[in-house]
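**Q** Below are the chains, spelled out letter by letter.
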Amino acid sequence: MITRAPPSRRGTLAAATVLVILLIVAAAAPIVAPYGMDVLDLARRRGAPSLHHWFGTDELGRDVLTRILFGARVSLAIGLVSAGLSAAIGVTVGAMAGYAGGVLDAVCMRFTDAMLSVPRLPLLMIAAAVLDPGVTLLILLVGAVGWMEMARVVRADVQSIAVRDFVTAARAAGARSPRILLHHVLPGVLPTASVALTLAVGRGILIESALSFFGVGVQPPTASWGNMLYQAQTTMSSQPWLGVFPGAFIFVTVLCCNVLGDSIAQRSTAGR
Amino acid sequence: MLTFFLRRVAQTAPMLIVVSLVVFALIHAAPGGPLALYLDNPNVRPQDIERLRRQMGLDRPLAMQYVAWAAAFVRGEWGYSYADGRPVMDRLLERVPATLQLVGISTVLALAVSLVVGLVSAVQRGIDRVATVGAVAGISLPVFWLGLVLQLVFANLLGWLPSSGRMTFTGGGAIDRMAHLVLPVVVLAAAHAAGWSRYLRGSLREVLAQPFISAARARGVSERQLVTRHALRNALLPFATVVLLDASIMASGAVVTESVFAWPGVGSLFTEALAKRDYTVLMAFLMCGAIAVATLSLVADVAVHVLDPRTREPS
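Top to bottom, those sequences are chains A and B. When we follow my numbering, the leftmost residue of the first sequence carries the number 1, and every step to the right adds one. When we follow my numbering, the leftmost residue of the second sequence carries the number 1001, and every step to the right adds one.
One chain only, chain B, in its complex shape (with noise of 0.2 Å):
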């Protein structure tokens, strides 16, 4: 158990620096490198550029700004932003809460919709039909105009709920938080929920084409017993590492679905940060996004590992 964990965290690393070495490279691929910024504002000197230029150590061969970059960035340093000077760890903190409300949400959401379709329709078959219609066009749905068109059915023309932010400005309660996380917690939902769905009914719809459920059947197990507890427990496990594995994916929507409503998290201060080519929030971003998404796949290979037998290579 621990040489497998410790193998899978060796593997990890690897992995962070490919990452590392990527985006560091695409930022200083830039034209104009990482102070493009500060070369198309015509009050800034060419021999101020050339100072920050050494103050930041641009000036030192790529390999060593590299090495520079990852170690300030392993001990917590990850610089100022250069939209407003603060530090980036603090505006990519100060952003978190409301990313992980709407993303649990969505989440959970997504879960139980994809749970309760995908039990239905893999015994169903009349709703199946129904249910994969409906998953493949939420799959094939693009994000940003499923906001877009629900912003404009239900906040403007209808009226029911509020098209973007948070909160309303003077300060709402917890009725108008709420109303104003509806929309943009189904737009990140529906896809994740398409997706999900279909993936489930297809590992219930094996595991009940096995023989171990004709043996139950046989022995007079009911038909809601053999899939609640014969087939569920054997096709949750892919399910969960399936889920977990979306993470990256859920990290694009979220970008999208922030900015489409302008919903004050991390997403929108990515897309604010590209604006004003804010590199090193940028840099931050996607190395936060790498690191989150590389330790869910390790929770999901232990636990797949902890709570499945069959994956153990025999010692």
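If we strip away everything but chain A, and leave its shape as in the complex, we get (with noise of 0.2 Å):
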């Protein structure tokens, strides 16, 4: 086989970069924003993107770039968050039913099959209709279905390397099952894992941006990538600058979250 070089170094690059910069700018939104998060520019309200409103102003004249950014931090936040909770449980219950196996992991896996089985979006948008959350609780909902994918591809690795030599010396030598998991068996899962949870940022941004869409999500007047759009979607074609940039920051970020995901797979498999 001809080694070469992944093929999207400079993809992976550019999609790392764009991520990067969504998070500081993000993190400095009220230091960068050309605005304040609520300031009303009651002169130009409904307002074409211009030089002083880059992408527009909504209804009340609110600069819409101003409301991106400051957005990104809720959205990003849940994103990241909730990617990583969906780790914690997915590596927890895919070490547990591949390193155990038997009946543990039959539970366990029918579990998955079980989550996986039920409609993802609309079982999300009723338990947050009905429960009515502010953000962290829509960290925890999006982050308690977004896990199953993660612990397939865990189960699977830690089978095939539960059986590796490496292992049974490690057990031979005397160490005990939490040893072997933690020092033995997991580090092998981390190339995997790393892509899921990459793949799971941009579905957590996703789903979020989904939710709010259809007003189950994040409330107003905290701005969303997602309740942005909710809020245009009915003004789209008189006003398509309050739907298009919005949406437009999902698609790239998600696309960079996607692209980097896909890179790490490439280089571990490359490893290989």
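If you're looking for bench data, these hints aren't it; they were derived computationally from the structure. As the structure is a computational prediction, the values presented were derived from the model and not from experiment. Heads up, some of the hints might be wrong.
Stated by the list, open to error - Listed next, the stretches of chain A that the computed footprint assigns to chain B, with coverage defined by at least 3 CB atoms under 8 Å from CB atoms of chain B: (1) 54–65; (2) 74–81; (3) 87–94; (4) 100–114; (5) 212–225; (6) 251–259.
Stated by the list, open to error - Across the chosen pairs, the derived CB separations fall in these ranges: (7) A:A88 <-> B:G1085: 55 to 63 Å; (8) A:A169 <-> B:Q1210: 28 to 36 Å; (9) A:Q219 <-> B:I1017: 28 to 36 Å; (10) B:R1129 <-> A:V18: 18 to 26 Å; (11) B:D1084 <-> A:G102: 46 to 54 Å; (12) A:I21 <-> B:G1159: 33 to 41 Å.
To be verified - A few chain B positions that, by computed beta-carbon distances, are all more than 10 Å from chain A: (13) V1019; (14) R1045; (15) P1061; (16) W1069; (17) E1077; (18) Y1082; (19) R1086; (20) L1109; (21) L1181; (22) V1186; (23) L1208; (24) T1228; (25) L1236; (26) P1238; (27) I1249.
Virtual Cβ for every residue (Gly too), placed ideally from N, Cα, C.
Two chains, two frames, some hints: make the complex.
**A** See below:
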């Protein structure tokens, strides 16, 4: 096999750069945003993009770019933290199932299958509508339905690693199960898990935006990319900038997460 | 074969029970419980609510309520919609044809696109580059945003296509109906075409790297034959499994697409029911969704078992 550099090196770099810039800008939103979060420019309500307001203004005269930057904090936070949560649950379930096998494995995996078979978005929409959550609860909800993919890939990895010779050697040397799992098996899961984690960030952002788009996610006046779209959908034909720009930010962010995930996956399989 | 089938069916049952527990718990976790709708209504007196509660059995212990609900659900008694008092099953069934039409046509379109793109990009490096970019973009697109933007461009700016609904109010002919289908079908098919074509490309590449392909090539089999007959046959089975297992994502996509385009299917019934906190409809929707997905995954497993001898355990 001819070795060659991963094909999308430039793409990976670009994706990582965009994500880092987005994170910095989101963190520094109060400093870098051109206007205050709730500053109303009543003279320029429903204004099209202009030099004063690059992305235009909404029906209250709020600057769309400013709201996108503040919304980035909410959307990115939900994506990142919920993905971390999903990873924690997924790795625990997957590692337990894959390592223990037998009944525990069967129970865990049937539960995973069950969770996968419920249409995810409708389930979350009901939960969000019923519980009327703030951002914290929203993170928990999104995290609670995002761990199944992680559990599956981790379980498969753990199963294949657990029968390798070095694990047998560790057991022969007297290591107990928790130690074997933590020190010998789980490090081998890292590449797959980090791929799944990156993809989960993008998925979390998409789910948040979908929930908010249906009006059951992040509630105004807090801005998120999804609820900006929710407010924009009725005026899409007369003031398209209200919907086009927040959606473009969702798209670019998720795209970067997916590109990054793909290239990590490529690199880790190339190393094997 | 029969034992495999029975074992697999037996696995599905506890799964559906777990799902039903989650669904049931969720509805009862609501502040005000299933009667939240009436609690907000100043015209409903407290004694009426008490009467309703007793009538609907909501004063009994939760476990008993669950058993009663589950038993009734299995018997096909899905209760009545809170919104208009009609049987839930009728409300769901009358929406099914529109959804089947939308989902069916989208699936066929997505399958056709992903077969062609997957095949070509597995062998043509230049096209593969383009297809890769397109596929990653397709997977990353928020479905509802794609819908809104396409509506903006093709319905509002260009005026080529109707923006929503299933037909013009005055009732249109076949062309009118087809024009209404275009945008929702494209939106729903986009993400799936992207994901599936990537998957097919990947599994084709995997098969093409195997020794039996080199052997066939050495015997003088043409490249075209190699790909379409030797590789594709092996790649199709896992591909079909992935397609069937994507049903639950398709269901989520249908909810979004239908509500963006006001498509009168099950998905927009769901969003209507959600807005009205119409719990009986919501519960039935989730259960039917889970049953449909479980059935398709059962079909996928059995099909693989029948078609691919390698997956059978040696007896």
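**Q** Hints first: check each against the structure and report whether it holds.
**A** Hint by hint, here is what the structure shows:
Here's how the stretch 54–65 of chain A fares: 0 of its residues keep a CB closer than 8 Å to some CB of chain B, so the rule of at least three is not met and the hint is violated. Look at the stretch 74–81 of chain A against chain B: 0 of its residues bring a Cβ nearer than 8 Å to a Cβ of that chain, fewer than three, so the hint is violated. Here's how the stretch 87–94 of chain A fares: 0 of its residues keep a CB closer than 8 Å to some CB of chain B, so the rule of at least three is not met and the hint is violated. Requiring three or more residues with a Cβ within less than 8 Å of a Cβ of chain B, the coverage given for the stretch 100–114 of chain A holds, as 4 such residues are present.
Under a criterion of three residues with beta carbons nearer than 8 Å to beta carbons of chain B, the stated coverage of the stretch 212–225 of chain A is upheld, 3 such residues being counted. Only residues whose C-beta sits within less than 8 Å of a C-beta in chain B count toward coverage, and the stretch 251–259 of chain A has 6 of them, enough to reach three; the restraint holds. With their beta carbons about 45 Å apart, A88 (chain A) and G1085 (chain B) fall outside the hinted range of 55 to 63 Å. The hint said 28 to 36 Å for the Cβ distance between A169 (chain A) and Q1210 (chain B), and at roughly 32 Å that hint holds.
Between Q219 (chain A) and I1017 (chain B) the Cβ separation comes to about 34 Å, which falls inside the hinted range of 28 to 36 Å. Look at R1129 (chain B) against V18 (chain A): about 20 Å separates their beta carbons, and that is inside 18 to 26 Å. At roughly 50 Å, the beta carbons of D1084 (chain B) and G102 (chain A) sit within the given window of 46 to 54 Å. In this structure the supplied range 33 to 41 Å holds for I21 (chain A) paired with G1159 (chain B), their Cβ-Cβ distance being about 38 Å.
Listed as a non-interface residue, V1019 (chain B) fails to keep its Cβ farther than 10 Å from every Cβ of chain A; the least gap is roughly 5 Å. For R1045 (chain B), the shortest C-beta to C-beta distance to chain A comes to about 25 Å, beyond the 10 Å cut-off, and the non-interface label holds. The claim that P1061 (chain B) lies off the interface holds: its Cβ sits roughly 21 Å from the closest Cβ of chain A, which is beyond the 10 Å cut-off. For W1069 (chain B), the condition that its CB be more than 10 Å from all CB atoms of chain A holds, with the nearest at approximately 16 Å.
Against chain A, the non-interface label of E1077 (chain B) holds: every CB pair exceeds 10 Å, the least being about 21 Å. Separation of Y1082 (chain B) from chain A is adequate, the least Cβ-Cβ distance of about 14 Å exceeding the 10 Å criterion. Once the 10 Å rule is applied to beta carbons, R1086 (chain B) is consistent with being away from chain A; the minimum gap is 21 Å. At roughly 21 Å, the least C-beta separation between L1109 (chain B) and chain A is larger than 10 Å, which holds for a residue marked as non-interface.
Its beta-carbon lying about 20 Å from the closest one in chain A, L1181 (chain B) satisfies the requirement of being farther than 10 Å from that chain. The beta carbon of V1186 (chain B) is kept farther than 10 Å from every beta carbon of chain A, the shortest such distance being approximately 16 Å. With a closest Cβ-Cβ approach of about 13 Å to chain A, L1208 (chain B) is found to remain outside the 10 Å limit, as its non-interface label requires. Every C-beta of chain A lies more than 10 Å from that of T1228 (chain B), the closest at about 25 Å, which supports listing it as non-interface.
No Cβ of chain A comes within 10 Å of the Cβ of L1236 (chain B); the nearest lies about 22 Å off, and the non-interface call holds. Every Cβ of chain A is farther than 10 Å from the Cβ of P1238 (chain B); the closest lies at roughly 14 Å, confirming the non-interface assignment. The claim that I1249 (chain B) lies off the interface is violated: its Cβ sits roughly 8 Å from the closest Cβ of chain A, which falls inside the 10 Å cut-off.
When held up to the earlier numbered hints, the structure conflicts with 1, 2, 3, 7, 13, 27 and fits the remainder.
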